[in-house]
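Engineer: Chains A, B, C and D supply the protein sequences, listed in that same order.
If you use my numbering, the first sequence corresponds to residues 48 to 259, in order.
If you use my numbering, the second sequence corresponds to residues 48 to 259, in order.
If you use my numbering, the third sequence corresponds to residues 48 to 259, in order.
If you use my numbering, the fourth sequence corresponds to residues 48 to 259, in order.
Honestly, the hints are just simulated from the structure, not real lab data.
Note that beta-carbon positions come from the ideal geometry of N, C-alpha and C, so glycine has one too.
Treat the hints with care, as some may be off.
Pulled a few chain D residues facing chain C out of the computed Cβ check, cut under 8 Å [what the hints assert, rightly or not]: (1) Q81; (2) T170; (3) S208; (4) V212; (5) L226; (6) R236.
Below, in silico cross-link-like pairs of lysine-lysine (BS3-like), each with a Cα-Cα straight-line distance of 27 Å or less [unchecked claim]: (7) K87/A with K62/D; (8) K87/B with K87/A; (9) K62/A with K87/A; (10) K62/C with K93/C; (11) K62/A with K93/A; (12) K87/D with K87/C; (13) K93/C with K55/C; (14) K62/B with K87/C; (15) K87/B with K55/B; (16) K87/C with K122/C; (17) K55/D with K93/D; (18) K62/B with K175/C; (19) K93/A with K55/D; (20) K93/D with K175/D; (21) K122/C with K175/C; (22) K93/A with K175/A; (23) K87/D with K62/D; (24) K122/A with K55/A.
To give a feel for the contact side, a few chain B residues facing chain A, derived at Cβ under 8 Å [unchecked claim]: (25) Q81; (26) F106; (27) T170; (28) Y201; (29) D204; (30) Q205; (31) V212; (32) T216; (33) R228; (34) R229; (35) G239; (36) H242; (37) D244.
Number of protein chains: 4
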Amino acid sequence: MTVSLFQKANQKAGKRERTRAALLDSALDLVAQQGMETVKISEITKHAGLANGTFYNYFTDRDEIIWEVSYGIAKEIGRQIDEGMVGVDDAIERVLTATTAFIDIAIDQPEWGAVVISSNHHTTEMRKDVTRFLRADLQLGLEQGHFSITLDQYLLDQIGSIIVVCIRTQLEEGADLNLTRRACDYILRLLGVAHADIPELIAQHVQPTATS
Amino acid sequence: MTVSLFQKANQKAGKRERTRAALLDSALDLVAQQGMETVKISEITKHAGLANGTFYNYFTDRDEIIWEVSYGIAKEIGRQIDEGMVGVDDAIERVLTATTAFIDIAIDQPEWGAVVISSNHHTTEMRKDVTRFLRADLQLGLEQGHFSITLDQYLLDQIGSIIVVCIRTQLEEGADLNLTRRACDYILRLLGVAHADIPELIAQHVQPTATS
Amino acid sequence: MTVSLFQKANQKAGKRERTRAALLDSALDLVAQQGMETVKISEITKHAGLANGTFYNYFTDRDEIIWEVSYGIAKEIGRQIDEGMVGVDDAIERVLTATTAFIDIAIDQPEWGAVVISSNHHTTEMRKDVTRFLRADLQLGLEQGHFSITLDQYLLDQIGSIIVVCIRTQLEEGADLNLTRRACDYILRLLGVAHADIPELIAQHVQPTATS
Amino acid sequence: MTVSLFQKANQKAGKRERTRAALLDSALDLVAQQGMETVKISEITKHAGLANGTFYNYFTDRDEIIWEVSYGIAKEIGRQIDEGMVGVDDAIERVLTATTAFIDIAIDQPEWGAVVISSNHHTTEMRKDVTRFLRADLQLGLEQGHFSITLDQYLLDQIGSIIVVCIRTQLEEGADLNLTRRACDYILRLLGVAHADIPELIAQHVQPTATS
DNA sequence: AATGAATGAGCGTTCATTCAT
DNA sequence: GATGAATGAACGCTCATTCAT
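From just these sequences and the hints, can you work out the full model?
Structural biologist: As C-alpha cells, then:
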C-alpha cells in the first residue's frame with residue numbers, strides 16, 4: 048500500500064524534483080510503519096532505491112525530511128477535506144463533515160494517521176495545522192449561535208486531541224464507525240450543542256464513507 | 048528544581064537502596080527534560096554521579112528504569128489524590144476534585160507532568176494508570192444518575208486526553224487556573240452534565256490550591 | 048552431579064582451606080558445563096555461595112584457578128588409575144587397563160572429561176600429565192618385547208590423542224563401550240602388537256566397568 | 048610471513064571485493080597467531096588498516112568471518128591436494144600422498160596449520176572437512192583389500208587427529224620429515240596394513256617435497 | 001576474612017556523514 | 001547528480017578488579 052503523495056504532486060517535474068519526491072515518499076512509508084522516531088536515513092534511501100549519499104543532495108538532516116513529510120500530509124489532508132465541503136453552509140454540518148473526513152482519511156491511510164498522531168505530540172506548529180480546518184467553522188458556528196465556547200488554540204487543541212484519540216484507538220483496534228460517531232458526539236458536547244439535538248445531527252451527517 | 052521522589056521514600060534505607068533511588072531520580076529528571084524516548088543510560092548514570100556500569104547492578108535495560116519511573120509517579124500521584132478525597136461522596140464533586148488535584152500536582156512538579164504526558168502517548172498500560180482514578184467515580188456517577196455516558200476505556204482515554212492537553216498547555220505557557228477550570232468544564236460537558244449546572248459546580252469545587 | 052574433588056581432599060582443613068576448596072569445586076563444576084574459556088569469576092563465586100571479592104583472597108586471576116582445577120583433576124585421575132593397577136605385571140594388560148580406566152573416568156564424570164579435553168588442546172604441560180600414566184608401561188612393554196615403537200613424547204601425544212578423540216566422541220554421542228574397545232585396538236595397532244592377538248587381548252582386558 | 052589467501056584469489060576484483068579479502072586475510076593472520084577464540088573484531092579491522100565500522104559492511108559477526116576463513120582454507124588445501132594426486136590409483140599410495148601433502152601444506156603455511164588445528168577442536172563440520180579427502184581413498188583401499196577397518200567418522204576422526212598432532216608438533220618444534228613419516232606409519236598401522244610392508248611403502252611415497 | 005557496591009576499561013554494534021569516483 | 005565504501009563518534013553492555021565496611 049505504497050502511497051505516492053509527493054511523487055503525485057510532481058509527476059511532470061524535472062529529475063531533481065523526482066528524486067526528491069522519491070525520498071519523501073519513502074520516508075512517508077517508513078514513518079507509517081515505525082513512527083517518526085526510529086526511521087533511519089539509510090532506510091529511507093534504500094527503500095527509495097537510491098544510494099546512501101544521495102540523501103544529502105536534498106536534505107541536510109533527518110529532521111528536515113521528517114518535517115516536510117508531516118507538513119506535506121497536513122496540506123494534503125486539508126486539501127481533501129476542503130474538496131468534500133463545497134456548498135456546506137451550516138457550521139455544525141461543516142464540523143461534523145470535516146471531523147469525519149479527517150478521521151476517515153487517517154484510518155484509510157494508516158501512514159498518514161500515524162504521522163498525524165506523532166506530529167500532534169511533538170510540535171505546536173503541526174498541532175495548529177491539524178486543527179486549522181476547524182477554526183473557521185467554529186467561528187462560523189459562533190456567529191450562527193450554535194456553540195457556547197471560548198474560541199482559542201486551547202479549545203482547538205482539546206478538540207484535536209479528541210480526534211487523535213479516536214484515530215489512535217481505531218489504528219490499534221481496527222476501524223469502527225461507532226468510535227468516530229462517539230468522537231463527534233463528544234465534540235458537539237464540548238461545543239455546547241444541546242444534548243437532545245446531537246443524535247439526529249450525527250445520524251444525519253456521520254455516514255459510512257465510500258472509501259475502498 | 049530537582050525533586051527526589053524515590054530518594055524521599057527511602058531516606059533511611061541501606062546503600063543499595065539509596066543508589067537505586069539516585070538512579071531513579073536521575074532518570075526522572077532527565078525524562079522531564081527530554082521525554083522518555085531520548086534518555087540515554089550513560090546520561091542517567093552521569094547525572095547521578097555514578098559510573099556507567101553501576102546502572103546494570105540495578106536495572107537490566109533502559110526500558111526497565113523508565114517503566115519504574117512512570118509507575119512510581121503514577122502511584123505517588125494516586126496516593127496524593129486519594130489523600131484529598133476522603134469523605135467526598137458526590138460523584139461530580141469527586142471527579143472535579145480528582146481532576147483538579149491531578150492537574151495541580153502535574154504542574155506543581157513539572158518533572159512529573161512531563162512524565163505523565165510522555166507516558167500517555169506511549170503505553171496503553173500507563174494510560175490506564177493515568178485514568179484509573181476516574182473509573183470508579185464515573186461508575187458512581189452513573190449510579191447517581193449524573194452522567195449520560197458509555198463507560199469504557201475509550202471514554203477514559205478521551206477524558207484523560209483532555210487532562211493531558213490541559214497540563215501540557217500550562218507547562219508550556221505557565222500555570223493558569225482558568226485553563227484547569229475550562230478542562231473541568233469540558234469534562235462535565237463530555238459526561239452529559241446539564242450546561243446550566245456546570246458553572247456553579249466548578250466555582251464551588253475547583254478552587255485555587257494551597258500549593259507552594 | 049556436583050563433585051567435590053577439592054573439598055573432599057581437605058575435609059578437616061581450616062576455614063581458609065575450605066573456602067579455597069569451595070572456589071575450586073565451583074570452578075570445576077562450571078568448567079564442566081561450559082568449557083574452560085567462558086567461565087567468569089563472578090560465576091565461580093556466586094556458584095560457591097560467596098561474594099565477588101572473596102575470589103581475590105585466594106587467587107590472583109582466572110588463569111590461576113583454572114590451571115589448578117586442571118592439575119587437580121589430572122592428579123586425581125592418575126591416583127584412581129594407579130589404584131586399579133596394583134598387581135598387574137604385563138605391559139599390554141597395564142596399557143589396556145589404564146586406558147580403559149582413563150576413558151571410563153572421563154565419561155563417568157563428564158566434568159572431568161571436558162577439562163581433560165580442553166587441557167589437552169591448550170597446554171603442553173597438561174598433555175604430559177594426561178599421558179604420564181602411559182610412559183612407564185610403554186617402557187615396560189619395550190623391555191618385555193611386546194611393542195615395536197620409538198618411545199618419546201610424540202608417540203605419547205599420538206596415543207593421548209586417540210584417547211581424547213574417544214572421550215570426546217562418547218561425551219557427544221553417549222557412552223559406548225564399543226568405541227572404547229576400538230580406541231584400545233587402535234592403540235595396540237600403533238604399538239605394533241600383532242593384529243591376530245589383539246581381539247583376544249581386548250576381550251579379556253576391556254570389560255564393562257562397575258561404575259554407577 | 049603474511050599470506051594473502053583471499054587477496055590472491057581476487058587481485059583484479061573491485062574495491063568491495065578487495066576490502067572483503069583484506070578483512071579475511073587479516074582474520075586469518077590473527078587466528079594463526081592466537082587461535083580462533085580470542086580474535087577480536089577491532090583487532091581484525093585495525094590489522095587490516097580499516098575503521099572499526101567497516102567490518103559490518105561485510106560480515107554480521109565474528110563467527111561469520113571466522114567460519115569463512117576456515118572454509119576458505121579447507122577448500123584451498125583440498126584443491127592443492129587434488130592437484131598432486133592425478134593419476135594415482137593405489138589406495139595406500141593415495142592415502143600416503145594426501146596425508147603428506149596435507150601436513151606439508153599446513154607446515155609450509157603456518158597460518159593455515161594453526162587454523163586447521165583450531166578448527167579441528169571446535170567444530171564437527173570442520174573436522175569433516177579436514178578428513179574428507181581421506182574417506183574416498185579408504186573406501187577404495189577396502190575394495191582393494193588393503194585395509195582391515197570399520198570405515199566411519201570415528202575412524203576418520205582418529206586418523207585426522209594423528210595428522211593434527213603431527214602438524215602441531217612440527218609447528219611447535221620445527222619442520223621434521225621424520226615426524227611426518229612416523230605419522231604415516233601410525234596411520235598405516237591403524238588401517239591394518241602389515242607391519243612388514245610399511246617401511247618400504249613410506250620410503251617410496253613419503254618424499255621430501257619441493258616446497259619453498 | 002568476607003562482603004558486595006562501585007568502578008571503568010574494553011568490546012560489540014549502529015548509523016549519520018563524508019568524499020573520491 | 002549519484003554512488004556506496006569508508007569512517008568514527010557514540011552508545012550499550014560486560015566483567016575483572018578494587019576498596020571501604
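Engineer: So, for every hint listed, does it hold in this structure?
Structural biologist: Each hint, compared with the structure:
Violation of the interface hint for Q81/D is found here, the shortest Cβ-Cβ separation to chain C being roughly 12 Å, above the 8 Å cut-off. Violation of the interface hint for T170/D is found here, the shortest Cβ-Cβ separation to chain C being roughly 12 Å, above the 8 Å cut-off. Taking 8 Å as the C-beta contact cut-off toward chain C, the hint placing S208/D at the interface holds, the least distance being around 5 Å. Because the smallest distance between the Cβ of V212/D and any Cβ of chain C comes to about 5 Å, under 8 Å, the interface hint for this residue holds.
Annotation: L226/D was flagged as interfacial toward chain C, and the flag holds, the nearest CB pair being 6 Å apart, inside 8 Å. A distance limit of 8 Å between C-beta atoms decides the matter here; for R236/D the minimum to chain C is near 5 Å, and the interface restraint holds. A C-alpha spacing of about 26 Å is found between K87/A and K62/D, which places the hinted pair at or below 27 Å, so the restraint holds. For a cut-off of 27 Å, the pair hint linking K87/B to K87/A stands: about 18 Å separates their Cα positions.
Annotation: proposed proximity of K62/A to K87/A holds, straight-line Cα distance about 24 Å (limit 27 Å). Only pairs whose Cα atoms come within 27 Å are accepted, and K62/C paired with K93/C is accepted, the gap being roughly 18 Å. Under the criterion of a C-alpha separation no larger than 27 Å, the hint pairing K62/A with K93/A is consistent with the structure, at around 18 Å. With a C-alpha separation of about 18 Å, the suggested pair K87/D and K87/C falls inside the 27 Å cut-off, and the hint holds.
Only pairs whose Cα atoms come within 27 Å are accepted, and K93/C paired with K55/C is accepted, the gap being roughly 20 Å. Distance hint between K62/B and K87/C is fulfilled; the C-alpha atoms sit about 26 Å from each other, no more than 27 Å. At roughly 24 Å between alpha-carbon atoms, K87/B and K55/B fall within 27 Å of each other, so this suggested pair holds. At most 27 Å may separate the alpha-carbon atoms for a hinted pair to count; K87/C and K122/C meet this at roughly 24 Å.
For the hint linking K55/D to K93/D, the alpha-carbon distance of about 20 Å falls within 27 Å, and the restraint holds. Among the hinted pairs, K62/B with K175/C is inconsistent with the structure: their alpha-carbon atoms are about 51 Å apart, more than 27 Å. A threshold of 27 Å between alpha carbons decides the hint, and for K93/A with K55/D the separation of about 32 Å lies outside it, so the pair is violated. Straight-line distance between C-alpha atoms of K93/D and K175/D comes to about 32 Å, which puts the hinted pair past the 27 Å bound.
Proposed proximity of K122/C and K175/C is supported: the alpha carbons are some 12 Å apart, at most 27 Å. With a C-alpha separation of about 33 Å, the suggested pairing of K93/A with K175/A is violated against the 27 Å cut-off. For the hint pairing K87/D with K62/D, the CA-to-CA distance comes to about 24 Å; that is within 27 Å, so the pair holds. Among the hinted pairs, K122/A with K55/A is consistent with the structure: their alpha-carbon atoms are about 14 Å apart, no more than 27 Å.
Interface hint status for Q81/B: violated, as the beta-carbon distance to the closest one in chain A is roughly 12 Å, over 8 Å. Annotation: F106/B was flagged as interfacial toward chain A, and the flag is violated, the nearest CB pair being 22 Å apart, outside 8 Å. A cut of 8 Å between beta carbons decides the hint on T170/B: the least distance to chain A is about 12 Å, and the hint is violated. Because the closest C-beta pair between Y201/B and chain A is about 6 Å apart, less than 8 Å, the hint holds.
Of the supplied interface hints, the one on D204/B holds, with its beta-carbon coming within about 5 Å of a beta-carbon of chain A, less than 8 Å. A distance limit of 8 Å between C-beta atoms decides the matter here; for Q205/B the minimum to chain A is near 5 Å, and the interface restraint holds. The interface hint given for V212/B holds, since its Cβ lies 5 Å from the closest Cβ of chain A, which is under the 8 Å cut-off. The restraint placing T216/B at the interface with chain A holds, with a minimum CB-CB distance near 6 Å, inside the 8 Å limit.
At about 11 Å, the closest approach between the beta carbon of R228/B and any beta carbon in chain A exceeds 8 Å, and the interface hint on this residue is violated. A hinted interface residue such as R229/B counts as satisfied when its beta carbon comes closer than 8 Å to some beta carbon of chain A; here the least separation is about 7 Å, so the hint holds. A distance limit of 8 Å between C-beta atoms decides the matter here; for G239/B the minimum to chain A is near 6 Å, and the interface restraint holds. Interface restraint check: H242/B against chain A, minimum CB-CB distance 6 Å, threshold 8 Å, status holds.
With 8 Å as the threshold, the beta carbon of D244/B stays out of range of chain A, its nearest partner Cβ sitting at about 13 Å, so the hint is violated.
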